[in-house]
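Taken in order, these protein sequences are the chains called A and B.
Residue 1 is where the first sequence starts when you use the numbering used here, and the numbers rise one by one after that.
Residue 1001 is where the second sequence starts when you use the numbering used here, and the numbers rise one by one after that.
Rather than coming from a laboratory, the hints here were simulated on the basis of the structure.
Just so you know, nobody snuck in bad clues.
Straight-line alpha carbon distances no greater than 25 Å define the calculated SDA-like cross-link-like pairs of lysine to any residue that follow:
| # | chain 1 | residue 1 | chain 2 | residue 2 |
| --- | --- | --- | --- | --- |
| 1 | A | Lys344 | B | Leu1328 |
| 2 | A | Lys344 | B | Leu1019 |
| 3 | A | Lys344 | B | Ile1329 |
| 4 | A | Lys344 | B | Asn1173 |
| 5 | A | Lys344 | B | Met1015 |
| 6 | B | Lys1121 | A | Leu321 |
| 7 | A | Lys344 | B | Ala1337 |
| 8 | B | Lys1163 | A | Asn463 |
| 9 | A | Lys242 | A | Arg134 |
| 10 | B | Lys1121 | A | Ile310 |
| 11 | B | Lys1163 | A | Leu391 |
| 12 | A | Lys344 | B | Ser1333 |
| 13 | A | Lys116 | A | Gln87 |
| 14 | A | Lys14 | B | Asn1173 |
| 15 | B | Lys1163 | A | Arg15 |
| 16 | B | Lys1163 | A | Arg460 |
| 17 | B | Lys1099 | B | Leu1328 |
Which chain B residues stay away from chain A? Per the calculated CB distances, all over 10 Å, these:
| # | residue |
| --- | --- |
| 18 | Gly1006 |
| 19 | Lys1061 |
| 20 | Val1070 |
| 21 | Gln1073 |
| 22 | Ile1111 |
| 23 | Leu1161 |
| 24 | Pro1208 |
| 25 | Tyr1210 |
| 26 | Leu1222 |
| 27 | Ile1244 |
| 28 | Ile1276 |
| 29 | Val1277 |
| 30 | Leu1340 |
Not the full set, but computed from the structure, chain A residues with beta-carbon under 8 Å of chain B:
| # | residue |
| --- | --- |
| 31 | Val306 |
| 32 | Pro311 |
| 33 | Pro314 |
| 34 | Ile430 |
| 35 | Ala445 |
| 36 | Ser448 |
| 37 | Leu449 |
| 38 | Val452 |
Just so we're clear, the structure is a prediction, and the values are computed from it rather than from any experiment.
In this text, a Cβ means the ideal position worked out from N, Cα and C, and glycines have one as well.
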Amino acid sequence: MSAWSPRSLWAEYKRCKVGLAGLALFAMLLALSVIAIASVPLDSYRQWNNPSHWTEYPRAAPPAWANYVTGLKLPEHMVLRNPTVRQSAAGWVRVVTHTYYFSFLYEAFPDDFLFKFSLIYGGSPPLVELSAERPDGLRMLLARIAAPPRPEGSEARAYNSAIFSTDVSLKVNLANCLADRVGVIVSPDGISPERMIFAKEGPSMAEGGTGVLKGDYAFQARFFLFGEGDDVLSSRLVIGGKVFGPFGTDDLRRDLSVGILWGTPIALSIGVSVAILSVSIGIAYGVISGYCGGRLDELMMRLNDVAYAIPALPFLILLALSLGRSLLYMMAYLVLFGWVGVAKVARSVALQIKAAPYIEAVELLGAPSRRIIFRHIAPQLIPYAMANIALSVPAAILAEAGLSFIGLGDPTMPTWGQILHDAQIHGAAIRGLWWWALSPGVMLALSSLAFVMMGYALDRALNPKMRGA
Amino acid sequence: MMGLMGFLIRRVLNMAAVLLVTVLLTIAILGPSADAILKRAIEQETRAEILQNKELVGKFKDPRELEDYVKSQIQGKVASMGLNDPWYSPRRLWAIAMKVMTLDFGQSYYIRGYGGSSNVKDIILESLPRTVLLFGTATLLIAVLGILVGAAAARRAGSILDKAVLGYAVLSNSFPLWWIGMLAILVFSYTLRIFPARATPPILPSDPAYPMALLYHMALPLLTIALIGFGGWAYIVRNLVAGILQEDFITVAKARGVPERKIVYGHALRSAAPPIVTIIALALSGSFGGAMITEAVFDWPGLGRLYWEAIGLLDVPVIVGLTYVSTLIFLLSVFIADVLYGVFDPRVRVG
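The shape of chain A in the complex, shown without the other chains:
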């Protein structure tokens, strides 16, 4: 163990390509964490285990990019939240228009659609009229409904409702529209509304259409408000599809991108803090034991032997079961088992340093042993500690993932291990839901790989002997 400086260490580290790749990977994960915290609302991540939050999402949908791999052009599930809003007034009627523009370029029809809205009104009930405009300019009335009446002069209250594509009146309206404007007679019970809206124009529409009319569609909702304080609070259009988002959804309709993205900062913070804590504790333990020597050394090393022989996983399971499984507890358990191996090596290094002449000199100068341990011996171990921290991070990340996988994760937040647990109990592998099992594992592997590579490079930079071999 020779003297070291951050600059010389970095110069040596830079020469290792594997180390630079690890550093790049780590930077990427950090960037992903920042993106997760900045872009995914904390709310949707807190709602992870609340099924009612995810009702608008498709069940077990592959990621959108799967279309490129399979060559199929399955419709993407769309949840549109930002309509173009216009207002106009004619006498005592105010008309608020919410228009949703989207392009539909898929080979298959959407599964269904859903229009949700939220109004506030007091006396006269507002009217809602939903229509769709096709790329060929054909405008179709879908539904015209009134909010339920309230007694005159009652206080303004919010009202939430939705128009479903399965509503019977919708089919009747569409069939009428097709008969009037296109001259095609369709039986309203036979064909689903989304087929009537999205099919190519022509006589084949009577049988449900031959293909999808691709292009830009507009769904327009007009709200007729009659009261002074009445207003449209929000609206949402969901076009049901078969693929969704960058990571797909799971069996419980959850958007996996929320869990995958938020898993990054969680995994990194678990891994890094557990590694730093356990390596620091291990080094302090080892150095104290090695420097003090004698009876204390003997006692501490026997204790270390026992701790070393205790199998980690069964005890992690027991601790999680009986004390609790919040993330902080989990980290504490991992630290409990993480310091043991480090202590042994730190002790042997401390013994070497202790024998060095300059330590003897400091001792002769009358420095107290605490000062010698923490000012003269421990700093020498910093490079060793850094390599060890880097190599302990993957162990901590994988251990937490393992515990979560067997069902002992923190139930309040999604981690990669928990997503894999859900995938396992829902039989994702057996049912071929590859995206559910694949992405969390790839993220786990990438994060542990980043630290393994950095640790390897640090190790090489610190132990020149290894380079030749």
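With chain A fixed as given, assemble chain B onto it according to the hints.
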């Protein structure tokens, strides 16, 4: 010979101490919650028993009197089971520790063995051979593959093969084994339909075709474990052999004209045998933890899947039993590794 005996005795004593500490730790961790569970069970049982006895209930006119009677009965039972002492009282601690140490884990709450037995010891002993079968075979496969590939890499240090071994070792250690298991099921069971997805054979253990079915169902988990395990192994063997190849006696053998193949696979590997054997034993115990989770993925009917079930159902007696048994297996293999090392390398016995 005395040295070896003394060494063995020291190791046995050490192991017994660790075992006792782990048992006490287990009880300390689970003690409070296990007591609460046990008391609740007694309360429910006693209450149901008394309320079913119509004759007895009829004797009480006041419901409060009946309630008092029920309470006193529960108190009596709790006291007779010694639950009034806290779990850390020396008498109870010793009693529980002795029970666990002698493999008496009591009755399970929910999980039943194949014969319908609720004795935790029976349930665990049913699953143990399957775990040993799967991981014993896998470790053997890993050892053979690792030694062959590692020695070949050491022979051509710096070659593409050598670099590939290092890369593969790093890569395979970054993946959780159980996740690779999920992918293996996805690829080989769902997509290619070569192997069954569930490793539990669909026929009863009494069926004569059972051993063959078990082997067929074992193939996928076995190959997965071996494939992920051998990378790190090959790397260790490579480093050991590469170190020995630089020693003087190898140079002498080379100078004498011994063929290179014989030097690597004969001389060098033989010298590397003691650490290799030790590491096999240690790897066996070390991989056991992660491998238990793998069992759950493949639905292999061993200890790991039992653990998974017991955690899902919170079957505390089974969890305690499994913890103890897996600790025992871990310590035994560490012990065997220690002893083997001591036999191979007399220098160790002193320290």
